[in-house]
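Below, each chain spelled out in residue letters.
Number of protein chains: 2
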Amino acid sequence: MYVLVNDSIISQEEATLKITDLSIQRGYGIFDFLKTVAGKPVFLEDHLDRFYSSAEQMRLPVKLSRNDLTAQITALLDKNKLSDSGVRITLTGGYSPDGFNIASSSNIIITQQEFEVNRDFEKSIHLMTYDYQRQFALAKTLDYLKAIWLQPVLKEAGADDILYHDNGMLRECPRANFFLINEKDEILTSKTNILKGVTRKHILQLKTGNFKIEERELTMDDLRHAKEAFISSTTKNILPVTKVDGRVLGDGTPGPVTRALMAEFDQYVYG
Amino acid sequence: MYVLVNDSIISQEEATLKITDLSIQRGYGIFDFLKTVAGKPVFLEDHLDRFYSSAEQMRLPVKLSRNDLTAQITALLDKNKLSDSGVRITLTGGYSPDGFNIASSSNIIITQQEFEVNRDFEKSIHLMTYDYQRQFALAKTLDYLKAIWLQPVLKEAGADDILYHDNGMLRECPRANFFLINEKDEILTSKTNILKGVTRKHILQLKTGNFKIEERELTMDDLRHAKEAFISSTTKNILPVTKVDGRVLGDGTPGPVTRALMAEFDQYVYG
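So the sequences go chain by chain: A and B.
For the first sequence, this note's numbering assigns the number 1505 to the last residue and increments by one with no breaks.
For the second sequence, this note's numbering assigns the number 1505 to the last residue and increments by one with no breaks.
Just so you know, these hints were derived from the structure itself, not from any lab.
Bear in mind that the values here come from a model prediction, so they are computed numbers and not experimental data.
Any given hint could turn out to be false.
[What the hints assert, rightly or not] Computed, partial: chain B to chain A, Cβ under 7 Å:
1. Ala1249
2. Thr1250
3. Ile1253
4. Ser1257
5. Ile1258
6. Arg1260
7. Gly1261
8. Ile1343
9. Gln1369
10. Leu1376
11. Asp1377
12. Tyr1378
13. Leu1379
14. Ile1382
15. Lys1425
[Said to hold, decoys possible] Okay, the calculated beta carbon distance ranges per label pair:
16. Asp1302(A) <-> Tyr1502(B): 51 to 61 Å
17. Asn1301(B) <-> Asp1318(A): 27 to 37 Å
18. Ala1391(B) <-> Gly1505(A): 47 to 57 Å
19. Glu1420(A) <-> Glu1448(B): 48 to 58 Å
20. Gln1246(A) <-> Gly1402(B): 42 to 52 Å
21. Ile1243(B) <-> Ala1305(A): 38 to 48 Å
22. Glu1448(B) <-> Asp1419(A): 53 to 63 Å
23. Asn1401(A) <-> Glu1420(B): 56 to 66 Å
[To be verified] Per the computed footprint, the stretches of chain B lying under chain A, defined by three or more beta-carbons under 8 Å from a beta-carbon of chain A, are:
24. 1334–1341
25. 1383–1394
All C-beta atoms, glycine included, are put in the ideal place defined by N, C-alpha and C.
Make the full structure from the sequences, and use the hints.
Given below as C-alpha cells:
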C-alpha cells in the first residue's frame, strides 16, 4: 500500500516521522477519515470542511490549499487502485524545535486501507455508558487516551463500544455519534459538545417516513426511556444498538424506525 | 547528539517512528524527564518510579526491566558526554495493527539535550489561571493539547505560564507544580488530581527554618490571600511567581520564605 507523507507518495512500510514531531512529543494533531465506495470518495467535501475546521480550531497551519489536498488524495487513490477503502488524513504539530510549541510547518500524512462497511442489517451492538467529556469537542484531535484506556473495561463489561455522557448529558461514542428513538418515534441525537459527524449530518437531512429527526439536549433519563438506538459513523453508516448498560432495548433486535432509516441511508449512499 | 530508539543508539537526525505508532495515530503514550548535573542523573530512582507508574496506569507494557533501562540511560550518557542536560524517556502505544488498540510491544525512545537550570534567584515569572483538569492526573501522559493550544492566549495575557484550577480548586502548571505561602508562613502545595512532581516531593521533605511545608486542598481564595508563590520542576527547581492574573504578590520580587527555600534546595541538589 502507498501513502503520502508531506507531498511524497511512498510505500507504507517506509513511512515515518522524526521523533521531534509534536504528535510523538505531546500528542498534538488532528485527522479526518473518509471512505471510498467503488473507488470514489464519499462526502469528500464534508470531510475536507471538517479537516480544515479541526486544524483551525487547534491552530495548526495547513500548507496545502483545499484544491491541492484534493489533488493529493486523488493521486493516492489512483496509485493504490482500491475499490472500497478508508482514507485517513492526519495533520500533526510538526517538527517542533523546542518539543512544545507548534512548528511553523505541520506534517501531513494520507493513508489508505482496504475497508468495506458492514451492510448486514441484522447486526447490532451493545454499549456501556461512561462519564467523560472529550477535550476540544468540536475538533477531531488525536486525543483518544480515554477510549483506548477503556478497552479492557469494555471487554470486561461484555460491551462493544462506549457511550460518553458528561454528568448525565448524553454525548457520543469515541468514534461515532449516538441517536435514540423516543416514545413519540422522534429520532434524536445530542446537540452540543460533540464531534459533528459527517454521517450524522446526512442522517439529519433524511426525510424517512414522517419521522421527526433532530438534534436535542439528551440525558441519561432519555436513554432509559428510549425504544430504539443506533450509532452512526463513516465506517459503520447506521449500526443498531440493542443493549445499553445491560438493559435490552425493545425486543433486543434492530427496531422498525432504525430499519427504515438504514434502508433509506443505504440507498442514499450506495444508490 | 545520540538518542536511543528501542535499544539502538543512533544519531538524533535519523531517529524516527513508523506512522502506525499509536502516538501519531491517537496521541497515546507517556514519558518522564530528568536532568543531569556534572554528568550525573539527579533523582534518577524517583523518575524511574514515576515512569513505570505512568506506564502501568496507562496499561503500556515496558519490555525493559528497571536495571536494563538504567543501563540504557547510562550508555546514552556515556556516548553523549554532556555535563548538564535533560534526559527524556518516552514510551508510546507501539505499532498498533488496527491503529487503535495498544500494540503488544511499545516503542521506547530516550533523548538527551544540553540544558542547564536557571540558578539566578532574582528571576521570577507571572502566571495566568485557567479552568482545566488534566486527564489521568497522576500519569505523565503525552496529552498537552490544552497547554499547547493556550500558548497564544498566554502571550496575549503577558503571562509566562498557566496555573490550572478545576472549578476553583488549584491544581498545577502544565509542566510544573505550584506552591503558595499563606499568611501564617505555611508553604502549601495542592494535594490531589495533579502530577506528583519529583522536585515537589523533595521540597516537601525540606526542613527549611521552622516553616510548615505540606500538601493541602487549595482554592482560588487561598491564591488571592497568598503572600508568596513559586513553581517547581525538574527544569526549574524553584522559580518564584510574583504576579498571578495581574495581581502582584508581596512587593513584586521573590519573597523571603521562597528565597530561604531556594537557597536550601540549591544546596540540596548542587551540594
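For the stretch 1383–1394 of chain B, does the count of residues with a C-beta closer than 8 Å to a C-beta of chain A reach 3?
holds (count 3)
Cβ separation of Glu1420(A) and Glu1448(B), checked against the hinted range 48 to 58 Å
Given about 55 Å between the Cβ atoms, the range holds.
Is the listed coverage of the stretch 1334–1341 of chain B by chain A valid when you require three or more residues with a beta carbon under 8 Å from a beta carbon of that chain?
Per the Cβ count (3), the hint holds.
Would the hint on Gly1261(B) be counted as holding, given a Cβ-Cβ threshold of 7 Å to chain A?
This hint holds: Gly1261(B) lies near chain A, its Cβ roughly 3 Å from the closest one there, short of 7 Å.
Given a hint of 53 to 63 Å, does the C-beta separation of Glu1448(B) and Asp1419(A) actually sit inside it?
holds (59 Å)
With respect to the beta-carbon atoms only, verify the hint that Asn1401(A) and Glu1420(B) lie 56 to 66 Å apart.
violated (34 Å)
Does Ile1253(B) meet its interface restraint, that is, does its C-beta lie within less than 7 Å of any C-beta in chain A?
holds (5 Å)
Hint check, Ile1382(B) versus chain A [nearest Cβ-Cβ separation less than 7 Å]
holds (5 Å)
Can the suggested window of 51 to 61 Å be confirmed for the beta-carbon pair Asp1302(A) and Tyr1502(B)?
Holds - the Cβ-Cβ distance for Asp1302(A) and Tyr1502(B), about 56 Å, lies within 51 to 61 Å.
Restraint outcome when Ile1258(B) is required to lie within 7 Å of chain A by C-beta distance:
holds (5 Å)
When the least beta-carbon distance from Lys1425(B) to chain A is tested against 7 Å, hint result
violated (23 Å)
Quick check on a hinted range of 42 to 52 Å for Gln1246(A) and Gly1402(B), using CB atoms only.
holds (48 Å)
Hints 15, 17 and 23 from the list above are not met by this structure, while the remaining hints are.
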